[in-house]
Amino acid sequence: MNIDQLVDQIRNNPEIMRNVTYWKELEPKSAKYSPFPIGLRQEIQDALKKKGIHQLYSHQSKTIDLVFQGKNVVVVTPTASGKTLCYNLPVINEILNNNDARALYLFPTKALSQDQVSELHEMMDLLKHPIKTYTYDGDTPVSARKAIRQAGHIVVTNPDMLHSGIMPHHTKWVKLFENLKYVVIDEIHTYRGVFGSHLANVLNRLHRICRFYGSNPQFICCSATIANPKELTERIISREVELIDDNGAPSGRKHLIFYNPPMVNKQLGIRRSSVLETKRLATNFILNGIQSILFTKSRLTVEVLVTYLKQLVQDKLGNSKTIRGYRGGYLPNQRREIEQGLRSGNILSVVSTNALELGIDIGRLQVCIMCGYPGTIASTWQQAGRAGRRNDTSIAMLVASSNPLDQYIIQHPEFFLESSPEYGLINPNNLYILMSHIKCAAFELPFEDGETFGVDTLDQILEFLEDEKVLRHVGGRWHWTADNFPADAVSLRTAANENFIIIDVSHPKHRVIGETDRFSAPQLLHDEAIYIHEGVQYQVEKLDFEEKKAYVRKVDVDYYTDASLAVTLKVLDVFQSADEERTGRSWGDVMVTSLVTMFKKIKFDTHENLGWGKVHLPELELQTTAYWMTLNDTPAGIQSQDDLQNGLMGVANVLGQVAPLYLMCDPRDIHVVYQVKSPFTQKPTIYIYDSYPGGIGFSERLYEMHLELFEKAREIISECICESGCPACVGPAAEVSEDGKHLALKILGGILGDTQSEEQAQGNVIQLPFA
Amino acid sequence: MIRNLKSKLKAMSSSSPLHNQDLSSSAVIKNDACIGVDHFNPETPEHFEPIEVNRGNEIGVIGSTEARGALGGQIIETPDGCFVRKRFIYELDTTYGNINLLGLPASDFSDSEWWTRLEQSFHPKDIVFLDTETTGLAGGTGTYAFLIGLGYITDQGLVIEQYVMRDFDEEYPMLQSVIDTLKRFRVLVTFNGKSFDWPLLESRLIYSRLRTISWENAHLDLLHISRRLWGRCLDSCSLMSIEETILGNVREDDIPGSQIPQIYFEYLDSRDTEMMIRVMQHNEWDIAAMAALLLHVKSLYENPATRADAYELLGIAKELERNHRIQQASACYQGCIRKSNIHSLTLEAKKRLAYLTKKHEGQGEAMEIWADLARDEGSLLIFPLIEMAKYLEHRKKDFYEALKCTEKAILLAGMRSNGSFRLRDELSARRRRLIKKLERSTRQWG
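The listed protein sequences derive, respectively, from chains G and P. First residue of the first sequence: 1046, per this note's numbering; consecutive thereafter. First residue of the second sequence: 2, per this note's numbering; consecutive thereafter.
Note that these hints are calculated values from the structure, not bench results. Be aware that a few hints might be false.
Straight line, CA to CA, 25 Å or less: simulated PhoX-like cross-link-like pairs of lysine-lysine [said to hold, decoys possible]: (1) G:1514 with P:11; (2) G:1514 with P:7; (3) P:195 with G:1191.
Could you put together the complete structure from these sequences and hints?
What follows is the structure, encoded as structure tokens:
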């Protein structure tokens, strides 16, 4: 059967259709072309023609045109729309014009850089002009480094290497920095949160070094679809940019299908495993020889699915090479082979983590199945974009898991389709991040009096660093006076906190089964805790707090553990605050202290208390930013402190799911706490704080949204089909009391000012947050 | 946006400031006394003369009691600022360890290319020794060379000049002056300068926008030469351990190099010069040690038979072989074998001698050494057996003896737990071939 027949087959299969919550056919789009831009050298045009490219897509042509006018640009295009030409052509053109010109390419991962270099080499071969392109990263042999510094026209690297391997040694890179004409930043949407905040600072350092050497490079950036590509790019590169977002590349007909696995236990809200459902759906395509890509959310699921699918082809065809996994941890050669296999069609199906979401060239496949909601609208479109050929029908399917976020999206396809994709937020002035980079910058070049760096309080920071004996002010300059290499102490991919890894020691060969953030570790991974991972119980044998490792062993017991976590939150500073009719909103700096003192062993089903134990772990302090909402009056229908407590808990649980939806962040990036009577506001208060020291910019955005968050929370609770609370809304009834769901709605009534019935809520038009 | 910044910053940093020095005491006060100030004029090199001859004594007037602390030497003023320069001389008949510096000015480097690996010969007066003391050991553009020591050879002896920046604003004039001095010389001699001192200084020059010097084929790094000579016998090839074991000099009260950055930072804060003066002493010793070391290695390379021990002979022989001085190389290998009482050293010398002999004289001539190696008590070496088998098979046509060697080699290869399959396969192939040849020859004759 071909793909169109398969589409019909699915449509006519009531077994499947029963679980399809949404089906949309996206119409094919024809290409918009433009002639080669004026100023593009004849030999490049000839080379393109040899490749079979006789004209450019409109977005490519427009980008190149703007670059030729000296503008910084950001191009927003879906997967595989020929964005590499948008930057390669101006760069090559400039090098042909002036052989001394240099360009720097930044990619978020090594795999992408290597892909890029091979593509450039292909172009060079056609041009027959020696343009030297080199990857410079941790894998570059020391012997080759000198030649790259001297002679590389195009240096392809990643932000980490620029930060710790190139800029602190800028005197060895004189040729590059003196002649730097273009900086290319691909996949700029991936630089959000901590990573993006770091990158903005890294680029501020780059600007300083370029100024020192008398160059002023132009920036060419590419982004996937997000809500604010221009704003994000401008914040990252500290320059104005022109936005190009009218994609001229053609696309074929595409079916977007949402699939919700059937309910197995309605009371507990448990559905059939999304992995098994994905396997079932993929089988049909594989047996019909349709090339497909399956995205999963964890490395483990990749392996599980690959094992299932391999059995499938082994049985029928006697071999299994046509099904492959792809994830971090595979060797580079293996990855190259898989990419090649996908392009050539030798590989029928690949199961991948989001490693293949970014622009690695794997050609275009016919079917994409996402096993679990990828977490953001932007990622979902990126992954769905992996399927779709120019003249062919394609299918993108989303299979939801039982996870609350998945359930919300699968039941509200209109939210997915109509709302804009998420915002990329960064906070370059996070004090921890800023401070790290001011140190690195001072190491690279002494600051001069009156210089600025991101903030206008630089002087004060420099004075502080002088007090700390890190800098010395003499002759109008601030010199580095420490015997260390500051870049080594700064990792761009994390803020100050690091994750704990969980190691299974049940087998002689230990393996890492998961990780958790520093602030959750004491609660989940204290000694003797029962840690449940993928439905399997493990007992923690030892939590090595210093080394950030928890050693666990498989057990089979009839209880789980519940650690009591004492969280205190203290407001340190209020940045903005407003009083409204029923509520108050604020954001500012807070200090969160958490301490786990004891845990209880609780029997499954009966919830009997089987015993308890003490936990001896240090208190954790986190200084970060928070948004908080205070309730002016006790809402109608709240009779007691207990009611208030359970209601607030329910609302807090829902907010923990809603907020990431708007913030384009991982649910672990934020935490929600409530206080029945806040010592600071003296009123019932709900706080949402960033999980990273210093904050990464969520609080201000939440402050702007304020009531919208609670509207959305109410919508989720009212629409949830559970009776008195489930993990998909306010939390299990056992936690928030039998009345939890209604109490939460009453609290929300107090916040929002009216008491909508559930029926009304369902009929509501969804308010788009940023439309 | 950032409020209470200072308090936040304080809260952020876990360590509180060490102690708050009253910085007013370190305020920059221009030296008014200017006694003995050497008014700097780069145009006239004559100002370097005359030099008083006085071992280890300073020339000129001890620095004034300036707020930046007296380090000795002179304060040199230039239009771009000032810095301190201390200059003194090691007289010719002084010794460093057991090396007499007398030979320095007259030493002949006309036939030294083969061991210096510089593609030029030079005169002792072309040489400048360089050693820097820095604010960090990791490198990178935030590392400064606060003390640059230079040494050069005159008829009177070894002149040492130390350039010191007493604060960061003195870096530029100091570097200018250092470069002007360096430019007068053709050959740079350092210890580990190829990977540390020179790149660091070059980075400082680029930062200061001063023209740098290219030492293409003119940079002799004594560390590399030392590794060739003593890499096998010394645990560490640091200047310190070479000084102690080879030059016979033990420094008294020397400061470890790792403490130097911190000493400088403390000097900047306190202006207490005591420790800084010890850093300058350390730097002085380093330069004198380099001069002594250069003389010593030169005499080793030039008179290996009389001067060098077994380890040194092996290093020298390798260097000679590399330069196609076959006769001499062979003599040094033989010397090494004679003098060595270390088994592994003897073994390597024999092996190298055998291959050298095979290549330049012929397989037959090497046979004796192979046989010697294979006979060696408890020897598990396979390669001499293979070499012997090759010779016996192809030249002597003595298939029987060749087979015996091969069988023994197979036996030894089988004993190796980590033996390579390729080796075993090769040996089996050789055995099969030899057996075939042996059968054929017996048929022929029998």
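Quick rundown of the hints versus the structure:
1. G:1514 with P:11: holds (13 Å)
2. G:1514 with P:7: holds (15 Å)
3. P:195 with G:1191: holds (14 Å)
The structure is consistent with each of the numbered hints, conforming to all of them.
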